[in-house]
Amino acid sequence: MIYANPNTEGALIHFKDKYDNFIGGKWVAPVKGEYFENKSPVTGEVFTKAARSSAEDIELALDAAHAAKDAWGKTSTAERARILNKIADRLEENLEMIAVAETWDNGKAVRETLNADIPLAIDHFRYFAGVIRALEGRTTQLDNDTVAYHFHEPLGVVGQIIPWNFPILMATWKIAPALAAGNCIVLKPAEQTPVSILVVAELIQDLLPAGVLNIVNGYGIEVGKPLATNPRIAKVAFTGSTAVGRQIMQYATENIIPVTLELGGKSPNVFFEDVMDKDDEFLDKAIEGFVMFALNSGEICTCPSRALIQESIYDKFMERALERVKAIKVGNPLDTDVMMGAQASNQQKEKILSYIKLGQEEGAELLIGGKENDLGEGLKNGNYIQPTVFKGNNKMRIFQEEIFGPVLAVTTFKDFNEAMEIANDTLYGLGAGVWSRSGDIAYRAGRGIQAGRVWTNTYHQYPAGAAFGGFKMSGIGRENHAMMLEHYQQTKCLLVSYDRKAQGFF
Amino acid sequence: MAERVVATEEALKLIDLLKERYGSIMFYQSGGCCDGSVPMCYRDGDFRLGDSDIHLGEIGGVPFYMHKSQYEYWKHTQLIIDAKEGPGAAFSLDSIEEKHFITDSRVFTDGEHKDIKTLL
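Here the protein sequences come in this chain order: U and X.
0 is the number of the first residue of the first sequence in numbering that gives the first Met the number 0; add one for each residue after it.
0 is the number of the first residue of the second sequence in numbering that gives the first Met the number 0; add one for each residue after it.
Calculated directly from the structure, the hints in this document are not laboratory data.
Ideal Cβ positions, reconstructed from N, Cα and C, are used throughout, including at glycine.
Heads up, a few of these hints could be off.
[What the hints assert, rightly or not] No farther apart than 20 Å at their CA atoms in a straight line, the calculated lysine-lysine pairs in the PhoX-like style are these:
id	chain 1	residue 1	chain 2	residue 2
1	U	K394	X	K74
2	X	K67	X	K113
3	U	K394	X	K83
4	U	K413	U	K315
5	X	K74	U	K356
6	U	K31	U	K17
7	U	K394	X	K113
8	U	K394	X	K116
9	U	K379	X	K83
10	X	K67	U	K471
[Stated by the list, open to error] Here's a subset of chain X near chain U, in silico, CB distances under 10 Å, partners left out:
id	residue
11	G31
12	R42
13	D43
14	G87
15	F90
16	L92
[Said to hold, decoys possible] Calculated from the model, a selection of chain U residues having no Cβ within reach of chain X, i.e. all distances over 12 Å:
id	residue
17	D69
18	Q140
19	V146
20	A147
21	I203
22	P230
23	G244
24	K277
25	D373
26	N382
27	E400
28	S437
29	F504
All chains should be built: construct the whole structure from the sequences, respecting the hints.
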């Protein structure tokens, strides 16, 4: 089926003409009264406006968050969990509408928002509702009369800066643990996708106490900096590029606050020769694993954008793999049969095309794709790129830089050691894939690759409960797991003496 | 002598506009996800440089830097900074303009590559 375009007859969602900030449980117009246009990457047309906020709006949001933080921090974990579960239920009741809104804001295929982004976000709230109930402090009896009690206390008010590639899911990865841990939030969505998270906020606004979650839209340079440098935040979380990640760390040094950063990767997807030992379900799965570079139009930090194929199977494997790439159905993102939608912005499209040109100039062999995709009527001004596969070597820049599009760079390796050498020859260490029928090869490869997440005989699964984060220049911290609570809490140690006698120093 | 970074006419126009608005500015080549792999334009001093960074050259009188470890992978190419329609990457000064910077590249000739190596 094809969902009706939002704001047309029969649509599941009608966006408002403009969206204010969500501050202190209310919809508040930006202090300066300015808004910026929000285009849908599906059609390239403006469909709404979002607040173009300034430092004054960040201060208002921080006022609201600080007013709410003591009560929220003292709210029982049972109550916080109950609220998170209610949020999950509310999102589930509106899943289809949210999915369409997300597709319209970001451009990704609705098949993905219906089956991945939004269900994962829902489950994420439930996961953190669960783990916060089971979180315990530790008590140590240091000697007969001395006890150390360790309490997990919330940080207070935290700042969160969200990327545009999974606007709702990435916001949820940051919101759910922060709320579970007892913090209040000032959140800045990406300026490319400012609205879908506000659709979520509209749905759940009656469930959260005022000021616990505040959302301020605007440009990074106008509101991101006043948020990240603000002495009234106790932590900043960011997902995005290395340069901005470094900038966020620099900002954090001003107030000596912790950061968590997720900064992308150039993930190797390694196929050992035994995947072709049989023509069976497993081989079919491995071929699908190769084509995963096109999920979310390639706009995923863990996009398996380098495929490493063992030399002995290269020809046979690639024949099958390229057939599968050819079968990717590209088109209207609101069509549930479409597998790949639009790139999120024109800027993104231009960057991808520039890399495709560079790949050819570097001497990589273009195996398929390589052009902008003209999808005709109604989608002419959208941002579409053909799924593209190059063959080359790991020293080429298309093997080293995050293109953030449906562009795959393929190379070969002779043996296990060479596979590891190529896989690790990168600045990044976020994701990786390993494919083998042999348990010991898969295990050794998984341990040998320097990355925070190594999918083994699978790829692009993001269930809550599996830690996600980077080695090397890919960032700091782990999301999507109970350990994220540690990034949103600080330890209070009560060191108690039950001895009535003086220590004897003075 | 081959230059490691150059700018197109369009980029130079955008540089002039930003210099007019903000005074002294600088470029830092980004990597990584989302808005990564783009030339970030900052007010001078808004991005703190260190010993891990390399000065690649100047475009329109504006210094251009990148991380040394990233440059290791880029050094066989010349960066050609261009400007295209639409706003730029978040946190970069071009993010609130109608045009944005983009890094195009070309592979150095062997002769140029020899020159460049003397700069390392």
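task = Verify the interface restraint on G87/X: the C-beta must sit less than 10 Å from at least one C-beta of chain U.
result = Result: holds, 6 Å to nearest chain U Cβ.
ask   = Taken at face value, is the distance from the CA of K113/X to the CA of K67/X at most 20 Å?
value = Answer holds: K67/X to K113/X is near 19 Å, not above 20 Å.
inquiry  = Checking one constraint from the list: CA of K394/U to CA of K116/X, max 20 Å. Satisfied?
reply    = 17 Å, holds
request  = Mind checking the alpha carbons of K67/X and K471/U for me, to see if they're no more than 20 Å apart?
outcome  = Roughly 15 Å between the alpha carbons, so the hint for K67/X and K471/U holds.
message = Let's test the interface hint: is any C-beta of chain U closer than 10 Å to that of F90/X?
response = F90/X check passes; min Cβ-Cβ to chain U is 4 Å, inside 10 Å.
P230/U non-interfacial with respect to chain X [C-beta, more than 12 Å] = Label holds. Min Cβ-Cβ 18 Å, cutoff 12 Å.
request  = May I ask you to test the interface hint for L92/X with respect to chain U, counting a Cβ-Cβ separation under 10 Å as satisfied?
outcome  = 7 Å, holds
message = So S437/U supposedly isn't at the interface. Is its beta-carbon more than 12 Å from every beta-carbon in chain X?
response = 32 Å, holds
inquiry  = For K31/U and K17/U, compute the direct alpha-carbon distance and say whether it is at most 20 Å.
reply    = 15 Å, holds
request  = Determine whether the non-interface label on I203/U survives the test: each CB of chain X must be over 12 Å from its CB.
outcome  = The claim stands: I203/U keeps its Cβ more than 12 Å from every Cβ of chain X (closest is about 25 Å).
request  = For the pair we were handed, K379/U and K83/X, check the Cα-Cα distance against 20 Å.
outcome  = 18 Å, holds
message = Just to be careful, I want the Cα atoms of K413/U and K315/U compared with a cutoff of 20 Å; is the pair within it?
response = Answer holds: K413/U to K315/U is near 16 Å, not above 20 Å.
Comparing the model with each earlier hint shows violations of hints 3, 13, 23, 26 and 27; every other hint is respected.
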